[in-house]
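Enquirer: So you can see what is in the structure, the chains are spelled out below.
Protein chains: 2
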Amino acid sequence: MKKKILFVVMDGLGDRGCDMLDGKTPLEYTRTPNLDEFVARGNSGIMDIIAPGVPPGSDTAHLALLGYDPYEVYTGRGPFEAAGIGLIGKRGDVAFRCNFSTVNDRMEVIDRRAGRIKAPETTELVKALSGIAIDGTEILVKEGTEHRAALILRGEGLDPDITDADPHDLRKVATSKGRTGRADHTAAVVNKFVELSHERMKDHPVNVERRKKGLPEANILLPRGAGSFPDMVPFPEKNDMRAACVAGVGMIKGICGICGLDIASVPEVCTGGLDTDMIKKADTALNLLNDYDFVLMNVKASDVSGHDGKAMEKCSVISRLDEMAGHIMRNMPENIVIVFTADHCTPSEVGDHTGDPVPVTIYTKNMIPDDAVKFSEFGCSRGRIGRIRGCDLLRICMDLANRSEKFGA
Amino acid sequence: MKKKILFVVMDGLGDRGCDMLDGKTPLEYTRTPNLDEFVARGNSGIMDIIAPGVPPGSDTAHLALLGYDPYEVYTGRGPFEAAGIGLIGKRGDVAFRCNFSTVNDRMEVIDRRAGRIKAPETTELVKALSGIAIDGTEILVKEGTEHRAALILRGEGLDPDITDADPHDLRKVATSKGRTGRADHTAAVVNKFVELSHERMKDHPVNVERRKKGLPEANILLPRGAGSFPDMVPFPEKNDMRAACVAGVGMIKGICGICGLDIASVPEVCTGGLDTDMIKKADTALNLLNDYDFVLMNVKASDVSGHDGKAMEKCSVISRLDEMAGHIMRNMPENIVIVFTADHCTPSEVGDHTGDPVPVTIYTKNMIPDDAVKFSEFGCSRGRIGRIRGCDLLRICMDLANRSEKFGA
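Residue numbers (our numbering), protein chains in the order written: chain A, 60 to 468; chain B, 60 to 468.
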């Protein structure tokens, strides 16, 4: 009988020994009876999300956890940042990161971030750029956080191998050029779009207002980091599973969206921040298991504490994650394969992602026992999973869920 | 001094926790003092035969154990099924799986399996197809189990990229076509062969007799699944070892034969089934070590119990395997590297191959000790071999046997 699969990804959970925790990691320092119960009944190990010593981004990490080889499908930040703010393209699209910037009459950039303008002003400005088509290429724009935005070009014969229109400096706006003849058309479309963005925004009411207030006007949109949307087989088709994602953070939703997972709407109390309601998020994930074969749930709070360098705060997040694990244990269906792990380490004394392996525990009924008893970086390393790669995890779980296909006869 | 190497492959041995064994695996449930002695004196670990979570076939598994990358050399079922019934081709040959089928006067298939005809009738029919050559291509046919057979084309300019003559359904016999111009010649040979098989079999005495009895006639041979024999360096040449295989099952002999191992004849009591005489088989293997550097011995019985879903029966097979291990310990030469492992798991509650790692123990004189004490899925995971891939095993053993070559200076 085929089982369902639940991945609980505790973002940035892994850590290193912290001075203020007597050399222990937050996971070692904190009582985690429920996670430990999963460890005792399941199998544990440590996992190099990408490869030993390589610090993963949240984007590449989730690609690996979903069974893709990030070195193969990660085509640069453009498409994944676009997806991260909800602009999910399709095969053949070319995507860019953009800044709302300020230029003078000679088209010289005088503020690359237009005074860190943000929504709702950027939302208004984006409306002025909607419905544009240039030489048969459809243009999609969406605002991101602060002065950031994403741009997608959709049409025939596009090629991302072009230079940036963003001069990356206080200089004249650059003219995008194709690095090969095949990309000349795409560069031309970008240049026309940049010009058009200036025309449509320079006297926009938002900027008239900003001028009055003495604020830098957001009078141009400057694209950079062109990338194709990757040519990947969607997750549900590749693995023959209906799949959904529960996450509070845009980038995780974007990655899962690109991979073809359905993005569940979560209650407003699941914020993706420190104040998130983890129990409600877990309930959302458990409910989805009624309709889906595979659910990935991401809890961001542990990563936030890591980035902020707050080891003690991370310990208290871990206590709450452990309560969530207990709630899951009491409410999970019987025929399930469940995984507790992280997408990367964010050590509190580093304040950024590192390439240390993350702890991983896999539980399903009647697992062969192992020596691991504590859910931590050290505790899990004693388990019989040993040391695996991030992209191995899904295949292992599919096999335990009786969903794998034999290779050979 | 160079040592000899013996692989003892206990087919389908690995398992998962079984309800009827109090959640234990058959290996954990059964006393195995002799295997445990090898564990205590050797080094142990767990092994992903292909890759984590990938259920191996017996064919791909043995390729990996013999040190080949199955993703590189496994060219589809045709050649390996042919080899499995003893029709071992060589580089450049194109091989097919075939069915003896029944067609009517309009060449429509009315029984794809000719009433599941079997030997000795199929053996007689195959004789009528021997010694055929078509346009300079030599034709080899051999009967398999029941209505199955294998076909090899041998000659210049063959290409396996053709469509099947078998319509896979109750329809008119298909005309094989080259998917590229280079394969047109091969398709033409196949079509002529199919026609010829009909001519030579339709009034064959076997069919005259079947007609009288009201049984479907086996009046045509329909090939499918064309594949080239892989372009692999034979095992003895690649590893500079005289090598032999001891197995009761055709497919294992076929795979080893393709790899260039000599296939030892075994006493009739080594059946490849539950009733096999394992001690006699072990004696055959030990004797071969006088003349060969490497011997692979496969015992099938454990896999049979797993496929049949009989956990208790598997336990009793394991007791006999342990006695065999004791016999080997008492009779093995001193200068030997010996491996006890499985080609894949066949969990009794699943009844088919899974991608769980298999236990592995390597013994030779004076090994560095480790923590493993019990030959089981869990027990071996505590050993210092850690978690390796199937295709790593041979290299590790060759190194322990002082047969490896330095890479560099």
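Rather than coming from a laboratory, the hints here were simulated on the basis of the structure.
Owing to the predicted nature of the structure, the values given are computational and were not obtained by experimental measurement.
Among the hints, erroneous ones may be present.
Given that identical chains are not distinguished, each listed pair holds provided it fits within a single copy or across any two copies.
As the list claims (entries may be wrong) - Cut-off 16 Å, straight-line C-alpha distance, at most; resulting in silico cross-link-like pairs (EDC-like, lysine to aspartate or glutamate):
1. LYS149 x ASP342
2. LYS424 x ASP78
3. LYS62 x GLU408
4. LYS424 x GLU408
5. LYS465 x ASP107
Enquirer: Next, verify each hint and record whether it holds.
Expert: Okay, the hints, checked on the actual structure:
1. In this assembly of identical chains, the alpha carbons of LYS149 and ASP342 never lie at most 16 Å apart, being 31 Å within a copy and 59 Å across copies at closest.
2. In this assembly of identical chains, LYS424 and ASP78 lie within 16 Å of each other by CA distance solely across copies; the values are 10 Å between and 39 Å within a copy.
3. Taking the shortest Cα distances, LYS62 and GLU408 sit within 16 Å of each other only across copies (14 Å), while inside one copy they are farther apart (40 Å).
4. For a Cα distance limit of 16 Å, the shortest separation of LYS424 from GLU408 across copies, 12 Å, qualifies, whereas the shortest one inside one copy, 38 Å, does not.
5. With identical chains, the CA atoms of LYS465 and ASP107 are at most 16 Å apart between copies only, with a shortest distance of 14 Å across copies and 26 Å within one.
Violation of the numbered hints given earlier is confined to hint 1; every other hint is satisfied by the structure.
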